[in-house]
Amino acid sequence: MLEYIQSGQITLSQDFHTMKATYHDPCNYGRKSEKAFGYGYYEEGRIITKECCADFQDMEPNREFNYCCGAGGGAWALPYNAERIFYGRVKARQIEDTGAELVIAPCHNCRDQLMKSLNKEFDLGIEVKYLWELVADSLVVPGQEVEADKETAE
Amino acid sequence: MMYEFKASDLAEEIGVRRNTIRDWIRTGTIPAKEGPGKRYMMDVAEYIKLCDKFGRVPKVDVNMAIEVEEIKSLAEMENGNHAIDLNNRKTDSLYTDPSWADACLTCGTCASACPIAGVDDLDPRKIVRMAMFGLEDELVDSTWPWKCTMCAKCENACPMNIEIVALMRKLRSKRERDKVPGPIHKGVATCLERGNNLGIPKDDFLFLLEDLAEEMQEEGCPGFTVPVDKKGARLLVTINSKEPFAEPDDMKFWWKIFHTAKEDWTVASENWEGVNWGLFSGDDKSQKIIVGRIVDNIEKLGCEALLLPE
Ligand code: SF4
Ligand code: SF4
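As they're listed, the protein sequences go chains X and S. This note's numbering numbers the first residue of the first sequence as 1 and each following residue consecutively. This note's numbering numbers the first residue of the second sequence as 1001 and each following residue consecutively.
Worth flagging that the hints you see were computed from the coordinates, not collected in a lab. C-beta: ideal position from N, C-alpha, C; glycine also. Take these hints with a grain of salt, some might be off.
[Unchecked claim] Label pairs and their in silico Cβ distance ranges:
(1) X:Gly38 with S:Glu1004: 31 to 37 Å
(2) X:Gly38 with S:Ser1112: 24 to 30 Å
(3) S:Arg1234 with X:Lys116: 44 to 50 Å
(4) S:Pro1036 with X:Asp123: 27 to 33 Å
(5) S:Pro1031 with X:Arg93: 47 to 53 Å
(6) S:Thr1106 with X:Arg93: 57 to 63 Å
(7) S:Glu1004 with X:Pro61: 33 to 39 Å
(8) X:Asp55 with S:Ala1246: 40 to 46 Å
(9) S:Gly1223 with X:Asp55: 52 to 58 Å
(10) X:Phe16 with S:Leu1192: 19 to 25 Å
(11) S:Met1001 with X:Glu121: 35 to 41 Å
[As the list claims (entries may be wrong)] Only some residues are given here: those of chain S computed to face chain X with a beta carbon under 7 Å:
(12) Leu1105
(13) Thr1106
(14) Pro1181
(15) Phe1245
(16) Phe1280
[Unchecked claim] Cβ-to-Cβ under 10 Å is the rule here; a few derived chain S residues that face chain X:
(17) Met1041
(18) Ile1116
(19) Asp1120
(20) Ser1142
(21) Lys1147
(22) Cys1148
(23) Ala1152
(24) Lys1179
(25) Pro1183
(26) Leu1208
(27) Leu1212
(28) Pro1244
(29) Pro1248
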């Protein structure tokens, strides 16, 4: 997975998302990418999020030490729901501690777990957006480009 | 044998102040040395001498010598009672590199880091140890490798860099395919057969793309179309099949960005699936085939970059 930022083609505005926001580090982009490809993508997603959200608060711990959302490794599709939700308690607490109302998830799996499960199970009262959803909702035409490309090689 | 104590305990026993004990140790009056956790250790014989000197009753029994006969009978008992004969187990089918288990210190750091340790006795340290002892069948039959999210929190914390995640995935891959829990193996099979995990037919897919493109035009992206199989496009976009299946509007987020950024992109009409469940089900062979198809598409269409859904 490779994520890069170029400047020039799109402009983002912070006016659309004024609430406090935080960013979830997916295990696959971070720790596991670091292991498999020698580089963990921690900053790219944050830079983009901050472009769209002025009020940004990181979770503790974050980046390399972040906790998994609980749905990784295919667990979203696996039948062990109680385990998956129990697992997510750590994540839910992390989110609560930031006081954020908007959580940015750069991964399908994490977003589903955060939005459709943890939000409900732990009464978080949060909004969850994909990273690219956030960008699409913050677009100002035209201007500076933020583009996320991802590449994996197995 | 060593007697282990805290300065405060010994002080109370002997009836002196704590600092006095420390002084004595420092000056050699008490032949003790420092141990872990603010504890000290001294030879039991020395301890007993010390107690004698101060007229106290030692806390430990001098006659703690172990009866040889007793040991023998214990050993015999065990001989008849081997729950599992570890000597006859082979580990080389599970892993060949010592970094997968043998180098483990049994420190338990991994278990402390794991958010799901303790649930149904799942414990990464235990799993590593079991692998080392060759308890392969027990591990493969257990639900642990599937409840673990392969998040690598444990591995990240492990002082010995034990390959815990690789081990978990190997255990998943050793499950018989029809016993893989949930729909993920079915998804892999469907993908191999029909090009995407949910078996969405090509016509339906293309029709949906056109439909959505029209909506986009009405929603402020004049002239928007989804470029299908466009040769020479810079970016090949793959798709998570759950979106065309259940959340088609979510595809528009990326499209809106492409449109605004004037990206030169394309979607393949076949084998557009971007989610590879072979990774999760532990199915290397299928995983490779599915990746290979994406590579084929890149080559066929001459794309420079690839976008995967997650
Ligand atoms: S953290 Fe590493 S060394 Fe320690 S018990 Fe776990 S696998 Fe073994
Ligand atoms: S990879 Fe599995 S065992 Fe390790 S911390 Fe994550 S869930 Fe626990």
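query = Where does the structure disagree with the numbered hints, that is, which hint numbers, in rising order?
reply = Of the numbered hints given earlier, those the structure breaks are 1, 3, 4, 6, 8, 9, 10, 11, 12, 13, 15, 17, 20, 24, 26, 27, 28, 29, listed in rising order.
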